[in-house]
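These protein sequences, in sequence, are chains Z and H.
Using my numbering, read the first sequence as starting at 1 and increasing by one per residue.
Using my numbering, read the second sequence as starting at 1 and increasing by one per residue.
By construction, these hints were calculated from the structure, which means they are not laboratory data.
Built from N, CA and C at the ideal position, the CB exists for glycine as well.
Hints are not guaranteed to be accurate.
[What the hints assert, rightly or not] Which residues of chain Z face chain H? A partial, calculated answer using Cβ under 7 Å:
| # | residue |
| --- | --- |
| 1 | Asp22 |
| 2 | Ala130 |
| 3 | Val133 |
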Amino acid sequence: MFVRFLEIIGASVLELLYFIGDVMLLFIGALKQMPVKIRVRHVIHQMSHLGVDTLPIVSLTMMFTGMVMTLQVANEFIKMGAESTVGGIIAIAIGRELGPVLVGVVAAGRVGSAMTAEISTMKVTEQIDALRVMGTNPLGYLVVPRMLACMIMVPLLTVYGDVIGVVGGWGVAKYYAGISSYVYVNSIPEYAVLNDLTGGLVKAVVFGVVIAVLGCYYGMKAPEGAEGVGKATTKSVVSAIVVIFMLNVLLSMVLY
Amino acid sequence: MIKIENVSMSFGDKKVLDNINLEIKDGETLAIIGGSGSGKSTLLRLMIGLDHPTGGKIWLRDKDIAHMPEKELDELRLHMGMVFQYSALFDSMTVGDNVAFGLREHTDYSEEKIAEIVKEKLEVVGLPGTEDMMPGELSGGMKKRVSLARAIAFGPDIIFYDEPSSGLDPIMTDKIDELIISTQKRLGVTSVVVTHDMDSAIHIADRIAMIYEGKLIAVDTVDNFRRIEDPRVRAFLRGLYIGKEA
Ligand SMILES: Nc1ncnc2c1ncn2[C@@H]1O[C@H](COP(=O)(O)OP(=O)(O)OP(=O)(O)O)[C@@H](O)[C@H]1O
Ligand SMILES: [Mg+2]
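So here's chain Z without its partners, still in its complex pose (with noise of 0.2 Å):
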C-alpha cells in the first residue's frame, strides 16, 4: 500500500519533470529560431488579435477588481482615520499584483487557448509538416511571433489595466466612501514608486511567455482528432494560470 502511493508520487515526479524539461525544449528552441528570422507581420498581427480580443474583459476585470478593493479597503481605513492612504494602498495592490496576474490569466484564457486551438488543428491536418517540408521552421513561423506579441502586449495590457483599475477605486472612493478625489489622487505619488509599476510590468513580461510558451506547447503536442484538440485546450488554459500564479509568487520575493 504505502509502497504503491510511493510508486504513484514517483510517477508523477518523473511526469513532471518530462513537462518542464519539453516545454524548456520548445523556449529554447524559440529563442534560438529568434536570431534567425523575426516576422514582423506576423508579430504585429498576432499583437492586434491580443489586443482586440482582451481588452474588454480587461477593461471590466480590473475595473470591478480597482472597486471591490477600495470597497473593503475604505471602510476600514476611514475607521482608522488612515483615508489619506486608500489611493496609494489600492495603487500598490494593483500595480504590483492584481494587474498583472489579473491580465496574465484574462490572456491565459482568451489568447493561450486560441494559440492552442489553432496550433492543434495545424498539426492535425499536417500543417505543420507542410511547414517543415517546405523548409521553415515551425518554432519559428508560429511560435516566435505568438511569444514576442505576448511579450510586448501583456505588458501593455497590465499598464492599462492599472490605470482603469486605480480609476475604478476613485470611483468608489469619491461615490461611496466619500473620500475627495485629491486626496485620493494625491495619496498615490506618495504612497507608490515606480518601481511598484516597472516590477508588475516585470511579472506581465513573464506571464506574456508562460501563456505563449504553453499555449504552443500544448498545440504541437495535441493528440490526433476533434477530441483531442478540446482536451489540449483545457489543458493549456489550466496549466498557464497555475504557472502564473506561481511564478508571481517568486517573481514577488525576487522584486519586491
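Since chain Z is already given, all that's left is putting chain H with the ligands on it; use the hints.
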C-alpha cells in the same frame, strides 16, 4: 537518386517498417502500394525527413538524411515538394498565399514576380483565377490541386504524393493522375506516389513497389509487376483493396 538502406521504423514497441531496401532513380515515377496501415505514409515521411528511422540509412544523392539535423534538412527540402493525404493547405491563407508560401519564405522575389509564378502554377493545375479563394471554399479535388501547385511553386526535383486521389470521384482521380504524369514530363522530376488505387498506380508509374505489413514484398516495372505470382500481390491486383478506404 534516393536509396533506402535497411530502414526500419518503430513507434514505441510497434514495428511499422521492417528492413526496407529500395532505390528510386532520377526522373522515374515510383508508385508505392499497400493496404491501409501497412506503413506507406510512414515511409514517405522518412524520405522527406519528417520522421527519423529507428534503423538504417536514407541516401539522397550522397547525403544520409536519416540522421540529418533539421537545419540541414530544411535546405534539402527546398528541392522537394509534397502533396499531403489531406492536402494540408494553410487554412488561414488564401489559395494564392498558399502557393506563394515557399517563395515568400525563401526568396526575395518582388510581389509582382511571385504573383506571376502563382498565376502560372494555378493554371498548370487547372485552377486559374482562384488566387483569392480560401481553402475552406474548395472541394477535395481542388484542394489536392492547389496542394500540387504549392509543391511545384519552388521548382522541386522530387515530388512526394501521399494518396493524391483518395476520396475523389473517378473523373477527378483521372485528372489528378494526368497532372502527376504531365508534371513529371514537363519538369522531369522524380515522383514517389503512395496510393491504394492499383489502376492509378499502373497508369502513372514506371515501377511499382508493394508494402505488406511493414515489409517490402515486391518491386518491379509495371509490366513485370502484373505477372508476379505472390498471392498477396495477386490479391491487391484483383482489386481487393480498391475502394476499401474511400
Ligand atoms: N506517429 C505515430 N505514432 C504511433 N503509431 C503510428 C504513428 N504513425 C503511424 N503509426 C502506425 O504505423 C502504422 C502505419 O501507418 P501509416 O500511416 O504509415 O500507414 P499507411 O500505409 O499510410 O495507411 P493509410 O493507407 O491508411 O494511409 C499504422 O498502424 C499506424 O497506426
Ligand atoms: Mg497513409
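Going down the list of hints, with the structure as the test:
Interface hint status for Asp22 (chain Z): violated, as the beta-carbon distance to the closest one in chain H is roughly 17 Å, over 7 Å. At its closest, the beta carbon of Ala130 (chain Z) sits 4 Å from a beta carbon of chain H; the interface hint therefore holds under the 7 Å criterion. Against a cut-off of 7 Å between C-beta atoms, the interface hint on Val133 (chain Z) holds, since the closest Cβ of chain H lies about 5 Å away.
Going down the numbered hints, you'll see the structure goes against just number 1.
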